[in-house]
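There are 2 protein chains.
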Amino acid sequence: MSFYDQLKFDANGLIPAIIQDQKTGRVLMFAWMNRASLEKTVATGKTHFWSRSRQKFWMKGESSGHTQAVKAIEFDCDGDVLLIQVEQIGAACHEGYRSCFFRAVQKDGTSYKIMEPQLKTPEDIYGEKR
Amino acid sequence: MSFYDQLKFDANGLIPAIIQDQKTGRVLMFAWMNRASLEKTVATGKTHFWSRSRQKFWMKGESSGHTQAVKAIEFDCDGDVLLIQVEQIGAACHEGYRSCFFRAVQKDGTSYKIMEPQLKTPEDIYGEKR
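Heads up: the protein sequence lines correspond to chains A and B, in order.
Residue 71 in my numbering sits at position 71 of the first sequence, and the numbers go up by one each step.
Residue 22 in my numbering sits at position 22 of the second sequence, and the numbers go up by one each step.
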C-alpha cells in the first residue's frame, strides 16, 4: 500500500513537514507541503515545499544554494505530519542560522536568547539588495 | 522583552509545537498550542496542548501517565512554530510507540514500514473499553 494513502492533507491540501538533520538530530525548520511538492521531494531527493504566503511551489535552496538531500521520510500516527530527515547544505534558516530554532526561552520563562552562531548574514545568502 | 511578543499565533489563535526528546533527539510528536496552553506549559513544566478536534485543553499524559517534562522551549525565525525539548515518560504516541513517527517510507518511494517497537498497546495505556 502506498504511504500517500495514509496521509491526510488539510482543508487547503497541505501537510506540515518537520525537517531534521539526520546526522545531528537538530530540528532545522518547519514548512508546508502539498501533494505535488511531496511527490517532487520523493522523485528528486531534494525537499520541495508550498509557500502559503506566496502561494508558490519552492525548492529549499533554490536561491541560497542551501539545499536539503532527503535521507528518510517518516509520518505520524494520524498521517497528518511528515518528519523528513535530511543532509543540510549550509544554513537551513533564511536568517543564516543552521536551524530556524536558534532562539530559546530562558529560565525566567519569558526572556529569550540566541543560542547558536549566525553562519551567514541574509545579505551573504541572498545578496545585498534583497 | 518577552518571548510571547515574538510569537505569531494563527487565525485560530494556535501555534504548532514540535516535541523532541532532549536526550536522544528523537522527534516524538507534533501538536497545537494556544496561548493559554503555552502559558500553562511554561508555568507547570509539563506540556499542555489545545485539541482542535475536541476543542479542548489537554495535558499530555493526563490519562496515560505518559507526561512530558519540559527541558527547553525554542521558537523559529518567523515566531510561528515552537520546538519543545522534553523528557518523555513512556510512550509519546497514543498507539504505544515511543514516537508518533514510527513509520517510514521505503526506498521504492511509496511503500512504508514500521520502524520501531510498540512499547504498549493502546489497551495497555488507556484500558480495554476505550
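I should point out that these hints are in silico values taken from the structure, not numbers from a laboratory.
The reader is advised that the hints may include incorrect statements.
[Claimed, not checked] Incomplete in silico selection of chain A near chain B, CB under 10 Å:
1. Q6
2. F9
3. N34
4. S64
5. D78
6. F102
7. Q106
8. T110
Here the structure is a predicted model, which is why all the values come from computation and not from measurement.
We put the beta carbon where it would ideally sit given N, CA and C, even for glycine.
Verification of the hints:
A cut of 10 Å between beta carbons decides the hint on A/Q6: the least distance to chain B is about 7 Å, and the hint holds. A hinted interface residue such as A/F9 counts as satisfied when its beta carbon comes closer than 10 Å to some beta carbon of chain B; here the least separation is about 15 Å, so the hint is violated. Violation of the interface hint for A/N34 is found here, the shortest Cβ-Cβ separation to chain B being roughly 17 Å, above the 10 Å cut-off. For A/S64, the shortest C-beta to C-beta distance to chain B is roughly 14 Å, which exceeds 10 Å, and the interface hint is violated.
Against a cut-off of 10 Å between C-beta atoms, the interface hint on A/D78 holds, since the closest Cβ of chain B lies about 8 Å away. With a cut of 10 Å, the hint placing A/F102 at the interface with chain B holds, because the nearest CB-to-CB distance is about 7 Å. Given hint, A/Q106 at the interface with chain B, holds; its Cβ is 8 Å from that chain's nearest Cβ, closer than 10 Å. This hint holds: A/T110 has a C-beta 4 Å from the nearest C-beta of chain B, less than the 10 Å allowed.
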